[in-house]
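Chains as they are written, first to last, in the numbering used here: chain H, 1 to 308; chain Z, 1001 to 1279; chain B, 2001 to 2333.
Since the hints were made in silico from the structure, they are not lab data.
This one's a predicted model, so the numbers in the text were calculated from it and none came from an experiment.
One or more of the hints may lead you astray.
[To be verified] Quick list of the computed label-pair ranges, beta carbon to beta carbon:
| hint | chain 1 | residue 1 | chain 2 | residue 2 | range |
| --- | --- | --- | --- | --- | --- |
| 1 | Z | Glu1164 | H | Gly296 | 29 to 37 Å |
| 2 | B | Arg2079 | H | Ala266 | 23 to 31 Å |
| 3 | H | Val76 | B | Val2106 | 34 to 42 Å |
| 4 | H | Arg287 | B | Leu2203 | 53 to 61 Å |
| 5 | B | His2014 | H | Pro269 | 49 to 57 Å |
| 6 | B | Arg2015 | H | Ala134 | 26 to 34 Å |
| 7 | H | Arg17 | B | Glu2061 | 53 to 61 Å |
| 8 | H | Pro269 | B | Thr2011 | 17 to 25 Å |
| 9 | B | His2014 | H | Tyr142 | 22 to 30 Å |
| 10 | B | Arg2079 | H | Arg126 | 28 to 36 Å |
| 11 | Z | Glu1164 | H | Ser174 | 53 to 61 Å |
| 12 | H | Arg17 | B | Pro2055 | 37 to 45 Å |
| 13 | H | Ser174 | Z | Arg1107 | 47 to 55 Å |
| 14 | H | Arg287 | B | Arg2145 | 48 to 56 Å |
[As the list claims (entries may be wrong)] The following residues of chain H were derived to be distant from chain Z, with all beta-carbon distances above 12 Å:
| hint | residue |
| --- | --- |
| 15 | Arg52 |
| 16 | Leu78 |
| 17 | Ala80 |
| 18 | Arg100 |
| 19 | Asp214 |
| 20 | Arg252 |
| 21 | Gly260 |
| 22 | Arg277 |
[Claimed, not checked] Below, a sample of chain Z positions facing chain H; criterion: calculated Cβ distance under 7 Å:
| hint | residue |
| --- | --- |
| 23 | Lys1163 |
| 24 | Ala1173 |
| 25 | Leu1174 |
| 26 | His1185 |
| 27 | Pro1188 |
| 28 | Pro1192 |
| 29 | Phe1195 |
| 30 | Ala1196 |
| 31 | Pro1220 |
Glycine included, every Cβ here is placed at the ideal spot set by N, Cα and C.
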Amino acid sequence: MTPLMEVADLSVHFPTRGGAARALDGVSLEWRRGEILGIVGESGCGKSTLARAMLGLVPATAGTVATDGAAVDGRVALRALRRNVQMIFQDPYQTLNPRRRVSDIVAEALVVADVPRAEHAARVERALDEVGLAPARFMRRYPHELSGGQRQRVAIAATLVLEPAGIICDEPVSMLDVSVRSQILHVLLGLQKARELALLFITHDLSLAWQLCDRIAVMYLGRIVEQGDARDVIERPGHPYTQALVDAVPPREQREPLGGELPDAANVPAGCRFHPRCPKRFDPCDREDPPLFAAGEPGHEAACLLLR
Amino acid sequence: MSEIRRLLFRTKRGLFGVSLLGLFTFLAVFGALLAPEDPRASSTDVLIGPSSSHLLGTTEAGSDVLSQLMVGARVSLVVGFAAAVISSVLGAAVGLIGGYFGGWTDRILDAFENWFLVIPTLPLMVVLARLLDPSLLVLILVIGLTSWAGTGRIVRAQVLTLKERAFVERARALGATDTYILRTHILPNTLPLIFANTVLIVAVAILLEASLAFLGLGDPNSISWGTMLEAGFGSGAPSAGAWWYVVPPGLCITLLVLAVAVLGYLFEEHVNPRLRDQR
Amino acid sequence: MSALLEVTGLTVRHRGNAIVDSIDLTLASGEALGLAGESGCGKSTTALSLMRMLPPALVQEGAIALNPPGEETINIDRRTERGMQLVRWRHVSLVFQGAMNSLDPVQRVERQIGSAIRLHEPRAKPADVKARILELLATVGLPARVGRAYAHELSGGQRQRVMIALALACRPSLVIADEPTTALDVVMQAQILKLLERLRAELGLALILISHDLSVLAETCDRIAVMYAGRIVETGPVDQVFGAPQHPYTKRLLASLPVIGGSRALATPIPGGPPDPADAPAGCSFRPRCPYAAERCEQEPALREVGPEQSAACHFAPWERWPEPVVVEEEPG
């Protein structure tokens, strides 16, 4: 079955004073229908840029984006894509226009897509119901009357009205309390099952990715360094960076955590981009930029010269 | 909205501003009807001090000062508000367009704005008022056109932050047009700021009108507090000791400007904490 | 030997409503106590009240006694503001929440650290101050050149380290860290936690670590106190509380944490949200959301010992086994 979205060699370079910032540097990815794909990495690794490039919010410097097998080029295709794939954002306190009511916010996608007004009310009510907000109580409220969790539910409802096939979730729960977090995840998973949605789940929290995702792609400095089935990637990492991420999740064993920091996107190290921090680096790592090699299980790949 | 109501009606500053402004607005509307005499009627009682027939004395033409004062309120307020509205609309438009679209549009508008910011207002107005036939309309236009740049700056800054907010990004992700985004997301969130700023500009406009009139550049056919001051000084009232001619208009200008400024800062205070933390 | 910190009956009120409701804490020298809870539970307020730094709208009561080693007892609750200025930073310091944005953007790092040092040693020689700045930077694992940098030139992790260096500037015996790793990535977080552990070991520092992330506390702390709606609902050694929680809130909170290698099924979420302090329910504050609530819970349960060094505020503790939860009406939180 053709994947919902497919990205090939996607690059996004921003010109900066210190040279080109290579926010995305040749990313190839498949997002299949109905699957929960996790994009994991530290901040600055390019995962948010990837999401935005996929929806055309950020112009791509190179590479292609395709949906349902057809390339997304031109405004018509982009418009169709944006109806079919929606996005929810990280900060529930910034995600809703403070001067609009919940019903208007949820109906926005319908307005932009020129759906006849007569249909709006029913769709908005259904969406609010699906996220657990009783329409009668919440339709007329303003964002400042809602808690963080409720705001995020509104944001999710706003993506449902156009019946998308996929939702990109950019750190949707990282700013919520633990108990509210699990409520929102429940809502998302429930929707995913009921509507057979595909979810692109962007997070820096590996344990969350472990719990939720079918497949995981690990990003480092604009590149995917490992991808595969969630359990394979986390239980048997093929890339030292993934191993370091897994080791860093608290409560951790008493090993030394990975040192250093993610370099600037304008100063990508030569050879393997991870080599300056890699505890397992050896001779060729500072010269050769590894492609993805097979890492054991089918579908599991990692970009490490040790796997060659 | 109730927070605004509280600030306006339950604080000392709010009550001060609202009552004074209310009084002057009342005068502006009904002044002509309630004035005891025709403000232009001359008489032989020239520069007489306050008496029972002329509560604030008379002018050098024998006209009733109190009547002139009451009628003069209208010009000050009309010019002040109208000019402030023009200034705000212009400034907001430039700020919105430049801030939202960025790039060359922004750079050009910004240069334009800088030009207006840098020009010394009073000399410019003196020149313009000299070149054009002085009338209230010209006065309003001149003041409006020279004071918009400040608003433009402030609005632009606000638009720049708003542009990056998640709800704007989301609208873009849905494929909304720029017009839609400006209309639905940017403008409504900028309006409180524009409003607060407008009120402050009213104060400035009132002062500018008075200044121009005082310099003899105002509309000679209208009576305003500024023209009263001009006539008063021109006819030697201060040296003649005729304080009733110049002190009341001066005091009125001061009080009106003060009231408007207090209200303006009140609104700005209401808007400001939310600029930083829109929770 | 008395404890380093003894807090008794600490209560903080806002317009008459208790945001922190009569809590007791003890901390031994060199010990790390974790204060866990979600937003609104009062943990940050508690931290600020230990330093008497609450905003004027909040009123605090209760005894806070600090016993720095080799010095006289300091009764924080009884000190004047001037008296507190001698205590803050010298004996107790605080790494604020969102500390990364608390650096002055127009001063170099070394200037800010220098100011902190001179707060309590105004007559220190410039050479000594400079040496101490370098020492502090080294202690937190930053290269000396960071001293010359401005805040915006540093990364989030580096700024957090500078904040920790600032907190150590006057050699306090107690450091309170309010959500020190919340805005950081998992690798950076691991580095900071490791740093805090090392500081404890090398400097004999006592630590109060505040976080909503229980797994972070599990790693760094000796003991943990779980707060809910302004009260401590459970406290005890970290391993015990995590291994055998005795309060339903703790248990549900732990259950909702995903663990790598553990179950991939989502636990049933706790419905609803924390109560509004102005609208506090009578009896047990957790009752509206508790799956095990019963009639007895209309009476407020006291925090009592239910195991070796472990206390919980629940009528039904100690729990031998957890019964089937009653499904609570889902109120969207």
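Right, here's what the structure says about each hint:
1. Taken as a hint, the range 29 to 37 Å is violated for the pair glutamate 1164 of chain Z and glycine 296 of chain H, whose Cβ atoms sit roughly 42 Å apart.
2. Distance hint check: the CB atoms of arginine 2079 of chain B and alanine 266 of chain H are about 51 Å apart, inconsistent with the given range 23 to 31 Å.
3. Checked against the given bound of 34 to 42 Å, the beta carbons of valine 76 of chain H and valine 2106 of chain B, roughly 51 Å apart, lie outside it.
4. The given range of 53 to 61 Å is broken by arginine 287 of chain H and leucine 2203 of chain B, whose C-beta atoms sit roughly 43 Å from each other.
5. At about 52 Å, the beta-carbon gap between histidine 2014 of chain B and proline 269 of chain H stays in the expected band of 49 to 57 Å.
6. The hint said 26 to 34 Å for the Cβ distance between arginine 2015 of chain B and alanine 134 of chain H, and at roughly 31 Å that hint holds.
7. The hinted window of 53 to 61 Å between arginine 17 of chain H and glutamate 2061 of chain B holds, with their beta carbons roughly 55 Å apart.
8. The hint said 17 to 25 Å for the Cβ distance between proline 269 of chain H and threonine 2011 of chain B, and at roughly 55 Å that hint is violated.
9. Checked against the hint of 22 to 30 Å, the C-beta distance between histidine 2014 of chain B and tyrosine 142 of chain H comes to roughly 24 Å, which is consistent with it.
10. Checked against the given bound of 28 to 36 Å, the beta carbons of arginine 2079 of chain B and arginine 126 of chain H, roughly 60 Å apart, lie outside it.
11. Between glutamate 1164 of chain Z and serine 174 of chain H the Cβ separation comes to about 19 Å, which falls outside the hinted range of 53 to 61 Å.
12. In this structure the hint that arginine 17 of chain H and proline 2055 of chain B lie 37 to 45 Å apart at CB holds, the actual value being about 41 Å.
13. Taking 47 to 55 Å as the suggested C-beta distance range, the pair serine 174 of chain H and arginine 1107 of chain Z does not conform, at roughly 37 Å.
14. Between arginine 287 of chain H and arginine 2145 of chain B the CB atoms are about 29 Å apart, so this pair departs from the stated range of 48 to 56 Å.
15. Remark: the non-interface label on arginine 52 of chain H conflicts with the geometry, its nearest Cβ contact in chain Z lying 8 Å away (cut-off 12 Å).
16. A beta-carbon of chain Z comes within 12 Å of the beta-carbon of leucine 78 of chain H; the shortest separation is about 7 Å.
17. Non-interface status of alanine 80 of chain H relative to chain Z is broken: a Cβ of that chain comes within 12 Å, the nearest being about 9 Å off.
18. Not every CB of chain Z lies more than 12 Å from the CB of arginine 100 of chain H, the least distance being 8 Å, so the non-interface label is violated.
19. Distance check for aspartate 214 of chain H against chain Z: the nearest CB is about 24 Å away, which clears 12 Å, and the non-interface claim stands.
20. The Cβ of arginine 252 of chain H lies farther than 12 Å from every Cβ of chain Z, with a closest approach of about 32 Å, so its non-interface assignment holds.
21. For glycine 260 of chain H, the shortest C-beta to C-beta distance to chain Z comes to about 30 Å, beyond the 12 Å cut-off, and the non-interface label holds.
22. Residue placement check: arginine 277 of chain H keeps its beta carbon more than 12 Å from all beta carbons of chain Z (closest about 31 Å).
23. The beta carbon of lysine 1163 of chain Z is not positioned within 7 Å of any beta carbon in chain H (closest approach about 12 Å), and the interface hint is therefore violated.
24. Because the beta carbon of alanine 1173 of chain Z sits about 5 Å from the nearest beta carbon in chain H, less than 7 Å, this interface hint is met.
25. Because the smallest distance between the Cβ of leucine 1174 of chain Z and any Cβ of chain H comes to about 5 Å, under 7 Å, the interface hint for this residue holds.
26. Given the 7 Å rule on beta carbons, the hint for histidine 1185 of chain Z holds: about 6 Å separates it from the nearest Cβ of chain H.
27. With 7 Å as the threshold, the beta carbon of proline 1188 of chain Z comes within range of chain H, its nearest partner Cβ sitting at about 5 Å, so the hint holds.
28. The interface hint given for proline 1192 of chain Z is violated, since its Cβ lies 9 Å from the closest Cβ of chain H, which is over the 7 Å cut-off.
29. Interface hint status for phenylalanine 1195 of chain Z: violated, as the beta-carbon distance to the closest one in chain H is roughly 13 Å, over 7 Å.
30. Annotation: interface hint on alanine 1196 of chain Z violated; nearest CB of chain H at approximately 16 Å, more than 7 Å.
31. For the restraint placing proline 1220 of chain Z at the interface with chain H, the shortest Cβ-Cβ distance is roughly 47 Å, beyond the 7 Å limit, so the hint is violated.
In this structure, the hints that do not hold are numbers 1, 2, 3, 4, 8, 10, 11, 13, 14, 15, 16, 17, 18, 23, 28, 29, 30, 31, in rising order.
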